[in-house]
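Chemist: Place chain P on chain D using the hints.
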Amino acid sequence: MAKKDFLCNLIFKVLARGIAVLNKKDTIIKQELNDIPENYIISFGVLPYGDYIFLVKKNGSIYVSKNEKKADLRVLFKNAKSAKKVMLAQSSIAESYCRHDLIVGGDIALGMTLVRAINRTEKYLFPHFMTKRYLEKIKKQTCSLNVYRKIFFNKLSKPN
Amino acid sequence: MYFEFINSVKICSGENAIENIAYELDFLNCKNPMILSDNGVFKAGVLDKVLKILTKNDVHTDNIFTDIPADSSIAVINEIVQKYKQSGCDGIIACGGGSVIDTAKGTRLVISQQGKDILSLSGNEVIKKGLHIPFIVLPTTCGTGSECTAVAVIKNHETGIKMEFISSELLPDVAIVDARLTETLPAKLIASSAMDALCHSIEAYSSAQKNPISDAYATTAIKLIVENLPKVLSTPTTESRQKLNLASTLAGIAFSNAMVGIVHAIGHACGGECGVPHGNAMAVLLPECMKFNLDKCEKEYAELLLYLAGADIYATTKTTERAKKAIEFVIDFEQKIQSLSGMALRLSEYRVTQDHLPAIAKKALNDGAVIANKKQVTYEDVLSILTKCM
Chain D
1 MAKKDFLCNL
11 IFKVLARGIA
21 VLNKKDTIIK
31 QELNDIPENY
41 IISFGVLPYG
51 DYIFLVKKNG
61 SIYVSKNEKK
71 ADLRVLFKNA
81 KSAKKVMLAQ
91 SSIAESYCRH
101 DLIVGGDIAL
111 GMTLVRAINR
121 TEKYLFPHFM
131 TKRYLEKIKK
141 QTCSLNVYRK
151 IFFNKLSKPN
Chain P
161 MYFEFINSVK
171 ICSGENAIEN
181 IAYELDFLNC
191 KNPMILSDNG
201 VFKAGVLDKV
211 LKILTKNDVH
221 TDNIFTDIPA
231 DSSIAVINEI
241 VQKYKQSGCD
251 GIIACGGGSV
261 IDTAKGTRLV
271 ISQQGKDILS
281 LSGNEVIKKG
291 LHIPFIVLPT
301 TCGTGSECTA
311 VAVIKNHETG
321 IKMEFISSEL
331 LPDVAIVDAR
341 LTETLPAKLI
351 ASSAMDALCH
361 SIEAYSSAQK
371 NPISDAYATT
381 AIKLIVENLP
391 KVLSTPTTES
401 RQKLNLASTL
411 AGIAFSNAMV
421 GIVHAIGHAC
431 GGECGVPHGN
441 AMAVLLPECM
451 KFNLDKCEKE
461 YAELLLYLAG
471 ADIYATTKTT
481 ERAKKAIEFV
491 IDFEQKIQSL
501 SGMALRLSEY
511 RVTQDHLPAI
521 AKKALNDGAV
531 IANKKQVTYE
541 DVLSILTKCM
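So the protein sequences, as listed, match chains D and P.
Start counting the first sequence at 1; every next residue gets the next number (this note's numbering).
Start counting the second sequence at 161; every next residue gets the next number (this note's numbering).
FYI, nobody ran anything at the bench for these hints, they're computed from the structure.
Even for Gly, the Cβ is constructed at its ideal location relative to N, Cα and C.
Mixed in with the good hints there might be a few duds.
If you only want the chain D side, here are some residues facing chain P, beta carbon under 8 Å, derived [stated by the list, open to error]: (1) PHE6; (2) GLU95; (3) TYR97; (4) ARG99; (5) HIS100; (6) ILE103; (7) VAL104; (8) ASP107; (9) ALA109; (10) THR113; (11) GLU136; (12) LYS137.
Computed cross-link-like contacts, PhoX-like style, restricted to lysine-lysine with a CA-CA straight-line distance of at most 20 Å [stated by the list, open to error]: (13) D:LYS30 to P:LYS522; (14) D:LYS132 to P:LYS203; (15) D:LYS4 to D:LYS69; (16) D:LYS137 to P:LYS522.
Chain P with its partners taken away, still in its complex shape:
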């Protein structure tokens, strides 16, 4: 067996984590950061919490860019790079969800690679070590795990193609995981982003690229999600929020090193073709994809029953029944989350029609996540999974 594992990100998690941002910036020799966020995070007052702490600690907060679209794009990155240079910035702070963090990763990449064409850097492990640009991330959702992933997806609006970048050069220096950053998230968003994190963990644990270290992260994340997501949706406490946020970070580390599989491949295609929100697509597709993968991932799913359902159910379930029981647990858990958040669990409820399915299936097969799925998947297989999810 051979595997590679990397996570160089310092994780500051828990009570008063945001307060440490000034120390971390100072440690990284960053005095004039470019602060990236989006208008949603800005209007919700989340960015303000960070800015107040920065101002209090005499960190420059003049360079703020919040005009980041839902899909990170090369044009926006180039605009930010210009501003970064003009303002003499010496580091990047990203406060937001997946698109803000991916945009920040792209911006840092362009600056650290000293003007190399970003198009020439797309791919897997092709980026060479560049200049060190201090980079701190504050995730404001509890699902992407992007603060600890070596992946970024950036859209080239000229060609309409979403380019994938996979490199350890994308990893931030510090991730600040603080419950205050997600306390204004509506229930539906919490549910969908946490289901994304659950999916990251399950797919990472059952992927062809799994390894003992990524397994440890994935199983811990699963346990935290199962225990805390219902609490956050019904009777949220700072502790349950914090644990859910941490689960998302751990799931990010797991899948950044073990990859994901067909749930993500099909989910990305559902998003690209019909605009199905990513986390919701994950929730809809996960049970059917687990059923499809069952014959190749039986051992892994059986092991996951322990983390999903707990020791009692694991111990009282026959060894041969554990994998199926794990899938049943996921279905029941999703229904519980649906009743708490109102999240829809059929593709048809996201305006996906039968006519969309062939295009989704074709797109899914070309997604990079397909390669790490233990079971080989064909166009017909994807079509069949999609039909069952309608």
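Extracted from the complex, chain D is given alone in its bound form:
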């Protein structure tokens, strides 16, 4: 049976938690994710394993979850190398989509919302020199250190 890639798993966790944190700290991300319906489940993963981590919208907040029955929107990279390229800011998620590195299951319109949220989140997670090639016009609303602190120390898992 296929195993999870350790580095991908770690990076997905940081990214998912980053989105959950910034949904509270960044008004533009909050506004973007407002379009996502309540109880909507988004997953990130790598094939052939499948879903690595889930984001769940509940009561207007975004939570991170390790296990959900079925995601409404699935973003699955075809291989771990492609996933790492995006997650380590060597490539944007849009470039990755255009290269057919990933498949998207579900409503593509909500996928676009997610792409913008990921782009904005990456601006906080990576230094400017790493993202300036593909991320334009994004102004941070809070300090990256603050975001990282909350990613690692705040409880962001889904309430029962």
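Modeler: Frame of chain D, contents of chain P only:
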């Protein structure tokens, strides 16, 4: 560089192309096809041309469904699937424009995936190989290119959401491109659908997903459109019609593999919010969107000048001026088409008001086409483009 390219569709193009439908059906082992069309195509006598040939060749023509709405919908697809099963059909023929072809793609998908919920198949590249259902398409417009695209848009009337399906499983087996299928099209429809095809080609050539193979299709399509659209509108011949139809097919292959960009994203939103016909929206938006993308697509637009304006103008234009000249050419070309067809070139002429613009801009940003646009686009950018097109 990494890219993927697929076009498995056999293209039967040119003189007597329709006559080959019987052979193609036989080759695909299809004896009892479900024939899909719409009432407009039926009343114009276009479907009759196909039916006559089928009857002459002893192909069953008992199963015809022409009640297809402008927006392909899940309800209609489910109804057709029922009829398909009840009648023991063994293949699908789609004769029509974008909605007929998308409905046929959806129908084939449901049948080939053996009853899987169509909602679970929406998205990009998530559909797995299903049963082979013979599928032949005869396009009756010269714009969508849908006969060779791996895309279908189907509306879920329960939620009001248009679902996008992107998969090579949507590609038909055969596309029959014959000038007789478009000879009853009125000038305005020819102009708007051909402008859609021009837009497919320009956006495919300048998209973030472009590749050398899609470029070849896009540039050939541009050349054919520029040379033949004015002829078809002023002094149409079978040859010019045929070339324009072929251009639409080639443009479809180009954008199916390279994607489109913000012209389509904003155009879809104009259609969704205000009912602006798709091809007309493309014509209105194309010049302003090209101006917006100019700094990121300068190289591509400069190269396109050769196919748009020809070798002489390309050679006598300074390298640094070619991209701008290409945009100027598109503007002049559209005005020429406007004078020949009466097609309006301002959004306000399609009953779009300033009050509609915020909703259009918001919707455009969530369109899948945005992702392949080389230049990142914001809500304010879209609003600014729309204002300039009013």
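Chemist: For every hint, state whether the structure bears it out.
Modeler: So, going through the hints one by one against the coordinates:
A cut of 8 Å between beta carbons decides the hint on D:PHE6: the least distance to chain P is about 25 Å, and the hint is violated. Proximity of D:GLU95 to chain P holds as hinted, the smallest CB-CB distance being about 7 Å (cut-off 8 Å). Because the smallest distance between the Cβ of D:TYR97 and any Cβ of chain P comes to about 5 Å, under 8 Å, the interface hint for this residue holds. Contact between D:ARG99 and chain P, as hinted, is supported at the beta carbon level, the nearest pair being about 5 Å apart and thus within 8 Å.
Hint on D:HIS100 holds. Least Cβ distance to chain P is approximately 5 Å, under the 8 Å limit. With a least beta-carbon distance of about 4 Å to chain P, the hint placing D:ILE103 at the interface is held under the 8 Å criterion. Because the beta carbon of D:VAL104 sits about 4 Å from the nearest beta carbon in chain P, less than 8 Å, this interface hint is met. Taken as an interface hint, D:ASP107 checks out: its beta carbon lies about 7 Å from the nearest beta carbon of chain P, inside 8 Å.
Proximity of D:ALA109 to chain P holds as hinted, the smallest CB-CB distance being about 4 Å (cut-off 8 Å). About 6 Å separates the beta-carbon of D:THR113 from the nearest beta-carbon of chain P, less than 8 Å, and the hint is met. The closest approach between the C-beta of D:GLU136 and any C-beta of chain P is roughly 5 Å, which is under the 8 Å cut-off, so the hint is satisfied. A cut of 8 Å between beta carbons decides the hint on D:LYS137: the least distance to chain P is about 6 Å, and the hint holds.
Between the alpha carbons of D:LYS30 and P:LYS522 the distance comes to roughly 15 Å, so the proposed pair stays at or under 20 Å and holds. Taken as a hint, the D:LYS132 and P:LYS203 pair is broken in the structure, with Cα atoms around 56 Å apart against an allowance of 20 Å. Using a Cα cut-off of 20 Å, the hinted pair D:LYS4 and D:LYS69 holds, with the two alpha carbons roughly 18 Å apart. With a C-alpha separation of about 18 Å, the suggested pairing of D:LYS137 with P:LYS522 holds against the 20 Å cut-off.
Consistency with the previously given hints fails for numbers 1 and 14, ordered from lowest to highest.
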